[in-house]
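Here the protein sequences come in this chain order: A and B.
For the first sequence, the positions run 1 to 469 when my numbering is used.
For the second sequence, the positions run 1 to 296 when my numbering is used.
I should point out that these hints are in silico values taken from the structure, not numbers from a laboratory.
The beta carbon of each residue, even a glycine, is placed where N, CA and C say it ideally should be.
Just so you know, not all the hints are guaranteed correct.
[Stated by the list, open to error] Covered by chain B, per the in silico footprint, the following chain A stretches (three or more residues, Cβ under 8 Å):
hint, segment
1, 18 to 29
2, 409 to 419
3, 452 to 462
[Said to hold, decoys possible] Which residues of chain B face chain A? A few of them, derived with a C-beta cut under 10 Å, are:
hint, residue
4, Phe-31
5, Glu-52
6, Leu-74
7, Phe-115
8, Gln-161
9, Pro-165
10, Leu-199
11, Arg-216
If you want the building blocks of each chain, they are given just below.
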Amino acid sequence: MLDAITTFVDELRVAGLPVSLTEAIDATEALRHVELVDRAVFKEALAATLVKRREHRPAFDTVFDVWFSARRPLDAGLVGTEEALADDDGREVGDEELVTMLEQALETGDAALLRTVARSAVARFAGLEPGRALGSAYHLHRALRHLDAEGALARLLGASGDDGIGGLGPDGVIHHSSGLDRRLRADEYRANLERLQAEVEAEVRRRLVADRGADAVVRSVRRPLPEDVDFMHATGEEMVALRRTLQPLARRLAVRMARRRRHRHRGPLDFRSTVRHSLSYGGVPAEPRFRHRRPSKPELMVVADVSGSVAAFARFTLQFVHALSGQFSRVRSFVFVDGVDEVTRLFEGADDLAEAVRRVNTEADVIWADGHSDYGHALGDFLVRWGTEITARTTVVVLGDARNNYHPSEEWVLGAVSSRARHLWWLNPEPRSYWDTGDSIVSEYASHCDGVFECRNLRQLSRFVEHIG
Amino acid sequence: MGERFASTDAVRAGLGSVDYLTDQATAAVVFLADRLDKPVLVEGPAGTGKTELAKSVAAMSGSRLIRLQCYEGLDEAKALYEWNYRKQLLRIQAQAVSDAGGGSRGWGDLEGDIFSEEFLLARPLLEAIRSDEPTVLLVDEVDRVEVETEALLLEVLSDWQVSVPELGTVRATRIPLVFLTSNNTRDLSEALKRRCLYLHLDYPDPEREREIVLARVAGITEHLADQVARVVRTIRQMELGKPPSVSETLDWARTLLLLGAESIDAETAASTLHVLLKQRSDIAKAARELRAAATG
């Protein structure tokens, strides 16, 4: 048992979770108090002692499923025993029967039925063969594609629209289906579909573990934690997850920055207030009071390259900075490819930052000649048009990979910007080892900047923003 | 080692008996917190019942609830203990008067006198440690205090003792069950997290939310409760600035009941959205989507 826990903790650490020794001891201690056959409680006991951040929970779940699905003694009497598996395989489910079951499962959200459908789908379609070394993602996609759950979903939605089956009314009479009801049920089916996908994924994993052992599988399903996802190579799904973490993170950063600004400098002695407070101690100034300095907020200008290669990064950063706009006296944003345009107006007064970012794509006028990045021209243009508005309180941040397509660098422009601004920072979404390779000329610009930072993931980005705030 | 609860199921049933409907994860963590004598750090969006959890645990186990509401600038004097300066001053002055009247006592006596229990104002943390009866300590919104104040909590929460220099160390006779809640406005220190069990409370699924509505809103029909839960789920799925919390769901259910609605159609929902959502842009967006669903 102890062995199982220590190797499990090791695996969590490999996955990037910061598990300390005391936490591992706590976990072992906690297990003494729970029934090990109750898988759900067992899992929660481990999670409560080992995982202290919400964002890390999915990674924990994955490792847990792989690790403890193969460990029979803990698993006895639960789903996933050999007999249960044989049962499912033994009973032939016809194609049509499976489709009906699938539709039923999506409609009712019945947990057992969802699991049965997932099982038979994996058994039939996933193409799992002993010893075939393929990633779990392959099997997952295969099973889902053949199951055609999306199709079933569409059929269900279509059907409920046509023949007007409403929900049961308070008097037990079937009521007429309304549009709202349709929308509610659509959301319900979709949630059930997500559960089905999770079941299929778990089933694929379980079978892989049975075939190859936990060690091999856990390596193949390892995924980076949200804060470590690389902006440049994020999949669509990862980008959605990232955007979801943006708002809470921005709020957290804002609180921290505001707090630090308030506490950084204590002002001079406030004589009046000190005397007033001394009255409650019989005239002894026991509690000296100080004036607070008025905090000065920096003004921020973000100049972002939005050409294809770094667009995702630029958009994300713009959104992030504007979510934090309360922490700066003003945030102005500019985007460029080979021409430059100001897009601040799209963000100001926008209720929805994501919407504003979408508008940047369509409305900003950033093409000057051919639509390939030209830092020299774009930055020069920026200096001519907005240079006079850069003051000693302005912090300028340039976002881009400095891949200039062999155009002239015009690096003196940044020198001029730097001499006017309070600070000039450069964020590069490329790994440091790629800098100055090929057409990247980041070090030419770097000589005029106060600092150039590698900014590949959320962790680095938030560290930078806190630094300048 | 605490023995308040027999099993996780007992915790769940107990919480259910005080109308706090919970899931297995929550019950398991509460159960373990008792057995391991560890504080529980409860995080999650606003209005998912974090504070209510502590209150309900206190109610079900018949414990006394001591609450420490955290805020920026909370210090030792407000969290742990404080000497009652004014009373001490009066005591010294009274002594001076009686000295003038002929009686005479040394400073040593006086000092022993003014730094005694009588002049000590126990604040929530000390109060919880000293308590003889079973106690639940709720440290609410712990993310609001400064990092330095967190260190203060550490001593109390890991060793269950408070040192008062003039009196010595006060040890807990009975270890309280501690809940720390956080709205996640900042990251808590690793040291604090390490000492706690972690529980993330999320929005409940529609089935459980329906049960909650039925339990908490008197006189609501099952049909309406079911619809409320489902509409709220749909609204939470829209990308909103602040999704509706459980308490707002309850308010909404009560509103609908007062308005005499028997079932919800898009128009009723859209026109009462301001009970559920508190941001103008959210209300506009949700109303638009609900009306579109009705006509589309």
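Hints, one by one, checked against the model:
no., hint, result
1, 18 to 29, "holds (count 6)"
2, 409 to 419, "violated (count 0)"
3, 452 to 462, "violated (count 0)"
4, Phe-31, "holds, 8 Å"
5, Glu-52, "violated, 19 Å"
6, Leu-74, "violated, 13 Å"
7, Phe-115, "violated, 16 Å"
8, Gln-161, "violated, 19 Å"
9, Pro-165, "violated, 18 Å"
10, Leu-199, "holds, 6 Å"
11, Arg-216, "violated, 20 Å"
When held up to the earlier numbered hints, the structure conflicts with 2, 3, 5, 6, 7, 8, 9, 11 and fits the remainder.
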